[in-house]
Amino acid sequence: MKKITPFLLVLLGFLAVSASAQEISIQAQAEPRQVNVGENIRLQVVIEGQVNINGEPKMPDLPDFQVYKAGSATNFNIINGRVSSSLQFTFILVPKHTGTFTIGAVSIGYNNKIYSTAPIQITVGGGTGSRAAPGTAPVSPGNAPPVAVGNAGGASKHANEPVFITTQVDRHEVYMNEPVTMTFRFYSRIPILSQPQFQPPSTSGFWSEDLPPQKEYIATVQGVEYRVIEIKTALFPTTAGKLTIGPATLVVQIEDFNRRSMDPFADEFFRNFFSSGRQVALKSDPIQVLAKPIPEKNRPSAFSGTVGKWALSAKLDRQIAKVGEAVTLEIRIFGEGNVKSVGKMDLPPFTGFKVYDTISSSEVQKQEGRVRGVKTYRTLLRPEVTGNLLVPAIGYVYFDPRSEKFERVQVPELNLKVLPGDAREATVSAGTVGAAEASAPSVKVMAKDIRYLKTQVSLDKAAKSWGPEFWLAGFGLPPVLLAVIWFWRRQQDRLAADPVYARKLTAEKSSRAALRQAHTARMHKDSPRFYSSLSQALMGYLADQMGLSRSGVTQREITQRLAKAGAEESKINQLAELLDECDFARFAPGELNETEMESHEQLAEGLLTEFSRVLGKEKKA
Amino acid sequence: MRKLIIVLFLLAFPSMVCGAQEAKFEVQQAREAYDRGDYPAAITQYEALLKSGADSAALYYNLGNAEFKAGHYGRAIAGFRRALKRAPQDEDARYNLEYVRTLTRQPADKKGPLAQWLESAFGYFSTATLTLVALILFWMLMGMIGVIIITRNGVMSLRWVAACASLVFMILAGWASARIVFDRTHQWGVIVVERSEARNGPNPEFQVGFIIPEGREVRVLGHESNWVAVGLPSEGYKGWIKREDLLEDE
Numbered sequence: 003m004k005k006i007t008p009f010l011l012v013l014l015g016f017l018a019v020s021a022s023a024q025e026i027s028i029q030a031q032a033e034p035r036q037v038n039v040g041e042n043i044r045l046q047v048v049i050e051g052q053v054n055i056n057g058e059p060k061m062p063d064l065p066d067f068q069v070y071k072a073g074s075a076t077n078f079n080i081i082n083g084r085v086s087s088s089l090q091f092t093f094i095l096v097p098k099h100t101g102t103f104t105i106g107a108v109s110i111g112y113n114n115k116i117y118s119t120a121p122i123q124i125t126v127g128g129g130t131g132s133r134a135a136p137g138t139a140p141v142s143p144g145n146a147p148p149v150a151v152g153n154a155g156g157a158s159k160h161a162n163e164p165v166f167i168t169t170q171v172d173r174h175e176v177y178m179n180e181p182v183t184m185t186f187r188f189y190s191r192i193p194i195l196s197q198p199q200f201q202p203p204s205t206s207g208f209w210s211e212d213l214p215p216q217k218e219y220i221a222t223v224q225g226v227e228y229r230v231i232e233i234k235t236a237l238f239p240t241t242a243g244k245l246t247i248g249p250a251t252l253v254v255q256i257e258d259f260n261r262r263s264m265d266p267f268a269d270e271f272f273r274n275f276f277s278s279g280r281q282v283a284l285k286s287d288p289i290q291v292l293a294k295p296i297p298e299k300n301r302p303s304a305f306s307g308t309v310g311k312w313a314l315s316a317k318l319d320r321q322i323a324k325v326g327e328a329v330t331l332e333i334r335i336f337g338e339g340n341v342k343s344v345g346k347m348d349l350p351p352f353t354g355f356k357v358y359d360t361i362s363s364s365e366v367q368k369q370e371g372r373v374r375g376v377k378t379y380r381t382l383l384r385p386e387v388t389g390n391l392l393v394p395a396i397g398y399v400y401f402d403p404r405s406e407k408f409e410r411v412q413v414p415e416l417n418l419k420v421l422p423g424d425a426r427e428a429t430v431s432a433g434t435v436g437a438a439e440a441s442a443p444s445v446k447v448m449a450k451d452i453r454y455l456k457t458q459v460s461l462d463k464a465a466k467s468w469g470p471e472f473w474l475a476g477f478g479l480p481p482v483l484l485a486v487i488w489f490w491r492r493q494q495d496r497l498a499a500d501p502v503y504a505r506k507l508t509a510e511k512s513s514r515a516a517l518r519q520a521h522t523a524r525m526h527k528d529s530p531r532f533y534s535s536l537s538q539a540l541m542g543y544l545a546d547q548m549g550l551s552r553s554g555v556t557q558r559e560i561t562q563r564l565a566k567a568g569a570e571e572s573k574i575n576q577l578a579e580l581l582d583e584c585d586f587a588r589f590a591p592g593e594l595n596e597t598e599m600e601s602h603e604q605l606a607e608g609l610l611t612e613f614s615r616v617l618g619k620e621k622k623a
Numbered sequence: 083m084r085k086l087i088i089v090l091f092l093l094a095f096p097s098m099v100c101g102a103q104e105a106k107f108e109v110q111q112a113r114e115a116y117d118r119g120d121y122p123a124a125i126t127q128y129e130a131l132l133k134s135g136a137d138s139a140a141l142y143y144n145l146g147n148a149e150f151k152a153g154h155y156g157r158a159i160a161g162f163r164r165a166l167k168r169a170p171q172d173e174d175a176r177y178n179l180e181y182v183r184t185l186t187r188q189p190a191d192k193k194g195p196l197a198q199w200l201e202s203a204f205g206y207f208s209t210a211t212l213t214l215v216a217l218i219l220f221w222m223l224m225g226m227i228g229v230i231i232i233t234r235n236g237v238m239s240l241r242w243v244a245a246c247a248s249l250v251f252m253i254l255a256g257w258a259s260a261r262i263v264f265d266r267t268h269q270w271g272v273i274v275v276e277r278s279e280a281r282n283g284p285n286p287e288f289q290v291g292f293i294i295p296e297g298r299e300v301r302v303l304g305h306e307s308n309w310v311a312v313g314l315p316s317e318g319y320k321g322w323i324k325r326e327d328l329l330e331d332e
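Line by line, the protein sequences are chains A and B.
Residue numbers for the first sequence follow the working numbering, so the first one is 3 and each next one is one higher.
Residue numbers for the second sequence follow the working numbering, so the first one is 83 and each next one is one higher.
In short, the hints are calculated from the structure, not lab data.
Cβ coordinates follow ideal geometry from the N, Cα and C atoms, glycine included.
Among the hints, erroneous ones may be present.
[As the list claims (entries may be wrong)] To give an idea of the chain B side of the interface with chain A (calculated C-beta under 7 Å), a few residues:
#, residue
1, Tyr-116
2, Ala-140
3, Asn-144
4, Asn-147
5, Asp-174
6, Tyr-181
7, Met-224
8, Ile-231
One chain only, chain A, in its complex shape:
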């Protein structure tokens, strides 16, 4: 629920506050101070103090004026336990004669003291008139003829009700975007005890604009005097067809006037300020409005939907410019109607200018209950050639609902004298938007498309197509190689650290070398060398395999170890015989027997093979 403006409360609430022993002040203000006979003077008396103020001011004798009470208001605050209040009383004075008059002191008694205002001088001229303060209609006194408003808009059917509301429109049939003035009135003839809760009517299908100021006045409805609050709103139908303005609602807390005095200035009223009263929900009737579509007949193609009464103006921000300098063309559409219906400005083609984007701004103005507006378009122009350039005539089409015709407003051509200049020195006029764009030439996009083909096309097979074998080998081979290196290094280290192991490992190799030497000696018929090599091959091999010293090893030691290793006895005997033969042949060489040498060589090879097998088996065991 929307809260109605505090001003409504101010006008209608009469609050009573209790007295306390604090100082107060009283001030009076009259406007205008120069009037004609019959015109209104608004006299406002304000009593303020950090106390609870009770009572009403005492008016001086004013025989030269008719005096009307125009209402009062109270503001009452308790902040941190501290009370402050202000009472405001409004009177309307209507001078009866010409001359200079003095409004005497307005006074109030408080705490056994009298507080007074300064006198105010009023000059009354000889003319006649009925001026009222802005936004305030003449207010009638309780016993004077009231202003003849309030009976319209269905007010008469509520006659004698203590409070009621009405909604009315000035027209029930309009064109789209033509304004309808909706008037909401709140009538009250009793005090309101709380801030009223106002729900404005739903205006679906309309664009609405409030029309301030809110008015307050006193009116009579079938002989009963009411205080009236009036709010006006302009409604612009945005669609054609039958539109409905919904009901407005207002919830108020009112004094139970059956038990209270009807005089708001009576003391009793103030004493009962904190009484609860009763709540009343008020509702106005819905209203139908027919929004007619804009006629199709004779509709110009340039018409963009603007309705009202509009005028057009255009100007350049300078008369002389250099080539490349930015010049601002300002076009204004102003008039009465819904400025939001003023559309895009279609500019004619410009010759000799580079035209940049147009920006627009709009402003809504409300005057005398009417909605007016101004829409301003600013376009940046950059002259490209020297000479007298013409900005072509610019026109705008709107629909005038009063004449029911399409109207065209137009401004004549504008002249610009363009002097030679350096484009790089281009300046931008102040207040223009898009200056950054104007100061540097921008890329103009003509059409968008994908980018062209790649001219360098690789036809290699991508890494993707190498397959899993490649990646398996790639990542699998290095660890294998590393393992080989590691084993090799380990072997080298072992060979270096363990000579016995090294001899074992090289035994066969060295024995084979010795056998080859023996074979060579046999070929050269060198018997001692043959047997020496043969003995070296056999003894060296067996000593290395058994981990014995080559130089210190004996035949007996070897045969024993072979027997222990499980070698056949016959083979051991053959070895012993062969070694004996070798020793004999080395140290007592006799006649060369080639056949015997060959058989000895073969026997040695056979024994080496056999013992290698036996010793290998022992090692495994």
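Assemble chain B onto chain A, guided by the hints.
What follows is chain B alone, placed relative to chain A:
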């Protein structure tokens, strides 16, 4: 043995040279067809090159261009996606892909700037590039370790280099592995027919749940005979479409 290798190379070289020249000629022919507006011919040429085993980002990019010009927006998107998979930093492919996406009104990416940056960084290198670099680094690392073993203790600086190389390798290997896993679990495809009917099951008897327009990129969720389960992450829809309606990323 060495002589045999030389002989084999000399025998193979002329055929290799001829093959490369023939392929280059086909690329030129495809470009000429594209330039004269014969886009179907260009498409045929590019597809033939791809079938012959050539596999490059540029070929897929050019195929995407030809498909776009022929009005096959879905196939064009697939071409640009494949080009970007091979060369994620290719600006032209990214521009063209975004352009076609605009035309086909792909839904806007709802990811935040940080998520987008992370995704972009994650996919900055192709999986193949990452794996290849990781492989080279692996060989270098193994070589360094081998030198350290051979020279028993090696030198301190080499140990430091090896330690750094190990760290870089682990990062790269992790990155590449994550990419491979991501690529396998986040399969995408593009609708290549004018409208693809997504059904509630892998059978024409199932009701059509929604229609997917050409060019829409969809998540591939599974396969069932001639049907593919697809998902539209931005809408939260899932459905089954015919396999021929979709061109999947490899």
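Checked hints:
1. Tyr-116: 6 Å, holds
2. Ala-140: For B:Ala-140, the interface hint holds, since the closest Cβ of chain A sits about 4 Å away, which is under 7 Å.
3. Asn-144: 5 Å, holds
4. Asn-147: Status holds, d = 6 Å.
5. Asp-174: Result: holds, 5 Å to nearest chain A Cβ.
6. Tyr-181: Status holds, d = 5 Å.
7. Met-224: With Cβ-Cβ at 4 Å, under 7 Å, it holds.
8. Ile-231: 5 Å, holds
In this structure, none of the earlier numbered hints is contradicted; all agree with it.
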